[in-house]
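Go ahead and model the full structure; you've got the sequences and the hints to work with.
Chain order of the listed sequences is H and V.
Going by the working numbering, the first sequence opens with residue 9, and the numbers climb by one from there.
Going by the working numbering, the second sequence opens with residue 5, and the numbers climb by one from there.
Please note that the accuracy of each hint is not assured.
As the list claims (entries may be wrong) - Computed spacing ranges between beta-carbons, pair by pair: (1) H:I41 to V:K184: 19 to 25 Å; (2) H:L35 to V:K184: 18 to 24 Å; (3) H:E211 to V:T97: 50 to 56 Å; (4) H:S250 to V:K30: 26 to 32 Å; (5) H:S149 to V:N32: 38 to 44 Å; (6) H:A43 to V:R57: 33 to 39 Å; (7) V:D150 to H:E223: 31 to 37 Å; (8) H:E75 to V:R57: 21 to 27 Å; (9) H:V152 to V:S56: 39 to 45 Å; (10) V:N32 to H:S250: 23 to 29 Å; (11) H:A67 to V:D150: 44 to 50 Å.
As the list claims (entries may be wrong) - To be clear about the criterion: a stretch of chain V counts as covered by chain H if any three or more of its residues have a C-beta under 8 Å from a C-beta of chain H, and this derived list gives those stretches: (12) 33 to 43; (13) 51 to 62; (14) 141 to 148; (15) 156 to 167.
What the hints assert, rightly or not - 27 Å max Cα-Cα, derived BS3-like pairs, lysine-lysine: (16) V:K45 to H:K157; (17) V:K30 to V:K45; (18) V:K60 to H:K62; (19) H:K157 to H:K62; (20) V:K60 to H:K266; (21) H:K203 to H:K157; (22) H:K157 to H:K266; (23) V:K184 to H:K25; (24) V:K60 to H:K25.
FYI, nobody ran anything at the bench for these hints, they're computed from the structure.
A virtual CB, placed ideally from N, CA and C, is assigned to each residue, including glycine.
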Amino acid sequence: MRCFGRQCRGQGKIFVKLVRQTETQLLALGDSIAALAQEAHQALQEAPHLSAAKRERLANALRTAQEAHQQISTQSRQLTQGKKLPHCKIVNAYDPTIAPIMKGKSNCPAQFGRKPGIMSEPTAGFIFACAVPVGNPTDPSYVVPLVDKVQHAIARVGGPTTPAIHSVAGDLGVNDAALRQALHDRGILSVGIPKTVEPINPEPSPADIGHLLNEAGVHRKRTPYQVQLACACGYSRPVVESHIATLLTRGAGQLRYKGPHGAVVQLGMTVMAHNAAALVRIRQQRLSKRAQKFRRLLGLRCRKVN
Amino acid sequence: MRLLRHLQHWLRGSGPRLQVADVVPKTNSIRQWTDTFPWAKLVEAVEQSCASRFPKRAPGGRHPIPTRVLLALELLKHEVGASDEAICERLRTDVAVMYACGLDEVQLDSPQEHFVLPETLAQFRSRLDDALMDELLALQAAAAMDEGLVSPAHLLVDTFPAEQGSQRVTDATTLYKAQKKSSNSSCPSRSTAPPEQPH
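Encoded structure:
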């Protein structure tokens, strides 16, 4: 695992002196890059045999490389002089969109990479939307774009009854007042997002349901039955970890394609393959008791496969 | 027939034709997995997106490999956990993979000297963009909702870490190279003059 920072597990050796010496040499070596880049830009503009499109493409590539070097050299000076780096630092010279992931295992070095987000349904684990943002944004910032994507998919359904999103459940990381308000404005319940570490009550009383509806301001949009299901869904939220585990077994834990575009393509294809497998399980009725019960409550049909 | 015409450089032959759907049993996992996709919509979306972003500059040239074959190979790759080379190789020999790629029939005595190259698959992948991936996922979700198999009523959201697995220069690599360079520079005689062999 590529990691950064203090080694808390294992016998890690940190060659601070060596890093400082190498850094000085590399910075001295890179001093001439700015002047060389200027010369290269001029030579590129004067090259008669290159087409305009090719010249523009090469100039862009050169500009990107120049900017990357500037960022890396600044970061390198800060790192070796004992100054604390800002949150999102460059960890890969060729891809500045990769960031340290402040998530996952505790008491071990932070991983480098990306933090994809998914929005799935709680029965068979069908994933409606996924997102691979640049850098390492906060968890609540994932929710509204994912909801938009699901609503985009819903808009494509051509039937007599259009499905709708009733509730969204998440972990304590997505507990944000602004996010709750944004969901309520769209008529979506946020009872599945916990406010404390205590588990959500899966069977709220009628008084509680009324209170939740009033609090969200969706009294006319959502029914008490939908609130009950939302609470049950919030209680069963950890099932999303199994959906993530399935994605990880398909290789989503290690992004092999190049750059942010490659990450989007790889995750998208993995999610689609996962969804197809989930649909096969639904068609064959190979679902857990909990999933079967939830599907019955949601009024989803199961086709009998002969 | 369209698919067959496009892949005829590979499927050419004069012997009996093998009906792929007859060979692959309905209980085959790849066949069941394949039958869940709304292929026509997915292929149309990919072709429309590519046609708008990469317009054909000149008429003529060889027919391209069908989008259905490339899309199916890319998806199947993630289903079976294969590499580009492995999945392209399986297309030559595995009838279930042929079914997944939408090939209806193949010639039994074809020489099979040509097949979809892994490079072609990588090129196809580079043409997919973020908007198109979202569109493909939306189409799949809409088809499943249309069938009444899934409902978006109650949704769960979560994030997970995904490590970038490219073998490129990282801090660890830089440090290793610097260490190696430092050790080489500290004892130059080793690199410049090899030790004499004892007689």
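For each hint, the structure was consulted:
1. H:I41 to V:K184: 19 to 25 Å: Holds, since I41 of chain H and K184 of chain V (Cβ atoms, about 23 Å apart) stay within the stated range.
2. H:L35 to V:K184: 18 to 24 Å: Taking Cβ atoms as reference, L35 of chain H and K184 of chain V lie about 20 Å apart, which means the hint holds.
3. H:E211 to V:T97: 50 to 56 Å: Since E211 of chain H and T97 of chain V have Cβ atoms about 55 Å apart, the given range 50 to 56 Å holds.
4. H:S250 to V:K30: 26 to 32 Å: holds (28 Å)
5. H:S149 to V:N32: 38 to 44 Å: At roughly 42 Å between Cβ atoms, N32 of chain V and S149 of chain H fall inside 38 to 44 Å, so the hint holds.
6. H:A43 to V:R57: 33 to 39 Å: Since the Cβ atoms of A43 of chain H and R57 of chain V sit about 38 Å apart, the hinted range of 33 to 39 Å holds.
7. V:D150 to H:E223: 31 to 37 Å: At roughly 34 Å between Cβ atoms, E223 of chain H and D150 of chain V fall inside 31 to 37 Å, so the hint holds.
8. H:E75 to V:R57: 21 to 27 Å: holds (26 Å)
9. H:V152 to V:S56: 39 to 45 Å: violated (28 Å)
10. V:N32 to H:S250: 23 to 29 Å: At roughly 25 Å between Cβ atoms, S250 of chain H and N32 of chain V fall inside 23 to 29 Å, so the hint holds.
11. H:A67 to V:D150: 44 to 50 Å: holds (48 Å)
12. 33 to 43: Answer holds; 6 residues pass the 8 Å Cβ test.
13. 51 to 62: violated (count 0)
14. 141 to 148: holds (count 7)
15. 156 to 167: With 12 residues close enough to chain H, the hint holds.
16. V:K45 to H:K157: holds (18 Å)
17. V:K30 to V:K45: holds (23 Å)
18. V:K60 to H:K62: OK: K60 of chain V and K62 of chain H at ~19 Å, within 27 Å.
19. H:K157 to H:K62: Violated. K157 of chain H to K62 of chain H sits at ~36 Å, over the 27 Å cutoff.
20. V:K60 to H:K266: holds (26 Å)
21. H:K203 to H:K157: holds (25 Å)
22. H:K157 to H:K266: Given pair K157 of chain H, K266 of chain H holds - Cα atoms ~24 Å apart, limit 27 Å.
23. V:K184 to H:K25: holds (15 Å)
24. V:K60 to H:K25: At roughly 57 Å apart (the allowed maximum being 27 Å), K25 of chain H and K60 of chain V break the hint.
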